[in-house]
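Participant: The chain contents come next:
Number of protein chains: 4
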Amino acid sequence: MLMKFAGPYSHFRVGCSILLADGTVVQGANVENAAYPVGTCAERVAMGTAVVQGAKKGDIRAIAVATDISPPASPCGMCRQFIREFCELNMPILMYDNEARSTVMTLGQLLPMSFGPEKLKTTDEVEHGLSQ
Amino acid sequence: MLMKFAGPYSHFRVGCSILLADGTVVQGANVENAAYPVGTCAERVAMGTAVVQGAKKGDIRAIAVATDISPPASPCGMCRQFIREFCELNMPILMYDNEARSTVMTLGQLLPMSFGPEKLKTTDEVEHGLSQ
Amino acid sequence: MLMKFAGPYSHFRVGCSILLADGTVVQGANVENAAYPVGTCAERVAMGTAVVQGAKKGDIRAIAVATDISPPASPCGMCRQFIREFCELNMPILMYDNEARSTVMTLGQLLPMSFGPEKLKTTDEVEHGLSQ
Amino acid sequence: MLMKFAGPYSHFRVGCSILLADGTVVQGANVENAAYPVGTCAERVAMGTAVVQGAKKGDIRAIAVATDISPPASPCGMCRQFIREFCELNMPILMYDNEARSTVMTLGQLLPMSFGPEKLKTTDEVEHGLSQ
Ligand SMILES: [Zn+2]
Ligand SMILES: [Zn+2]
Ligand SMILES: [Zn+2]
Ligand SMILES: [Zn+2]
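Sequence lines, in order, name chains A, B, C and D. One point on numbering: in the UniProt record's numbering, the residue at position 121 of the first sequence is 121, and numbering is uninterrupted. One point on numbering: in the UniProt record's numbering, the residue at position 18 of the second sequence is 18, and numbering is uninterrupted. One point on numbering: in the UniProt record's numbering, the residue at position 77 of the third sequence is 77, and numbering is uninterrupted. One point on numbering: in the UniProt record's numbering, the residue at position 3 of the fourth sequence is 3, and numbering is uninterrupted.
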């Protein structure tokens, strides 16, 4: 697949590939908007596509992010949080620079002491006024 | 394709289908996050997938949004803005309720007097201090 | 108050003033981020400040948005949705251009057939499986 | 000031206080939206208010976040990124639980190898086709 970029505002091209357990690769790119906060990053486009196609926690083996700068760019904090919902903390995130050199960190290293689903009250707790 | 939903927080299932000029349909669903503002809506997942696959302004013929409530839900303002970047103002947005009854509005009707790319200064204007 | 702008990426200066029923004016400006989607708009900064200070639905009389272009810019769709949560549909939104000429629209005109709180299931409905 | 919360969807109350170099404290709380991704967190409300009032990099001495759970919640990834734009990496972030016990981490510890402004091309580089 020849992936298309839609980043006319930042002039920053980012590509993301998600490797699933069955060998499938799902791709994303940044999709920007004239109202900057409304745009989205490559990582969230790729992950949204993967989740809608059925990927669940445990199905995602690795995420790779590529940009045309060096040293390589890392996912922004918003993407680290988005990924956190669907990936194990020990999942590797590979970051590639403009010469295809890579750095690797786990999700847990990039988002230490993360906020996640287990922090929220369940519907049942809300209903019955239980405190966590 | 059996589409997967990831909306455990709102308990609100939203599906979106984008019809392209070549007859292809691209699908999306809401993908939520424990940090609520980090999640994304069905319309943006579908549109992000379509844009990365190459859809450009003029390629998108219609967008359909389905929820299990009645009357049907409309796209949130953030999604209207996201769609605005890639679609003509006269593109129809169909909204389906839990009985598959639909309401239709154009993008221009749902986002009147919209903010778009033509409002931003070009790089050249920024460089040379031209006013718009 | 001399308001500060933090919009180094879009080079687009936006100011927002919210008029409360008691005559108070709360101000905001766009606060951008190197990761573009993480930044926020003037309208949401102003409204966030107002809500934290205690403004509730019914307390907000008008919202004014000023930019240095002409014709004036309108709030992006994300901001229309954010405002929708706390304002009546007949509240006026004034948009000022670089010569202080203004256009006015109501919130309901800028976000027709809007998505709002009444569309979501209550905790009680989720708990007991009631459909809306 | 008696701070108001607007978190009817997550039922999760978060308060944030930003300590400035001149001793001023700026406060925020989560401001949620029926369209979940459109809402915002306590940290971003407080920081947006502070920036509009004139706080710049170097002016912010500490950020405290309080929730009514234990162990204390940390800022979401999106807020870590938002804060990153305006704070030094060695700035302390204090996280308080429901008994006012706190944990402290620096911004750099919470967002290692962060994405920031220095990664983006300047307007001049874009204009003249320079690579980074
Ligand atoms: Zn990102
Ligand atoms: Zn939406
Ligand atoms: Zn906006
Ligand atoms: Zn947050």
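Treat the hints loosely; a few may be bogus.
If you only want the chain D side, here are some residues facing chain B, beta carbon under 10 Å, derived [what the hints assert, rightly or not]:
no., residue
1, 5
2, 7
3, 30
4, 37
5, 41
6, 69
7, 70
8, 71
The hints are simulated quantities; they were obtained by calculation from the structure and are not laboratory data. The beta-carbon is built from N, C-alpha and C at its ideal position, and this holds for glycine as well.
Participant: If a hint holds in the structure, say so; if it doesn't, say that too.
Facilitator: We went through each hint and held it up to the structure:
no. : hint : result
1   : 5    : violated (14 Å)
2   : 7    : holds (9 Å)
3   : 30   : holds (9 Å)
4   : 37   : holds (5 Å)
5   : 41   : holds (6 Å)
6   : 69   : violated (12 Å)
7   : 70   : violated (17 Å)
8   : 71   : violated (15 Å)
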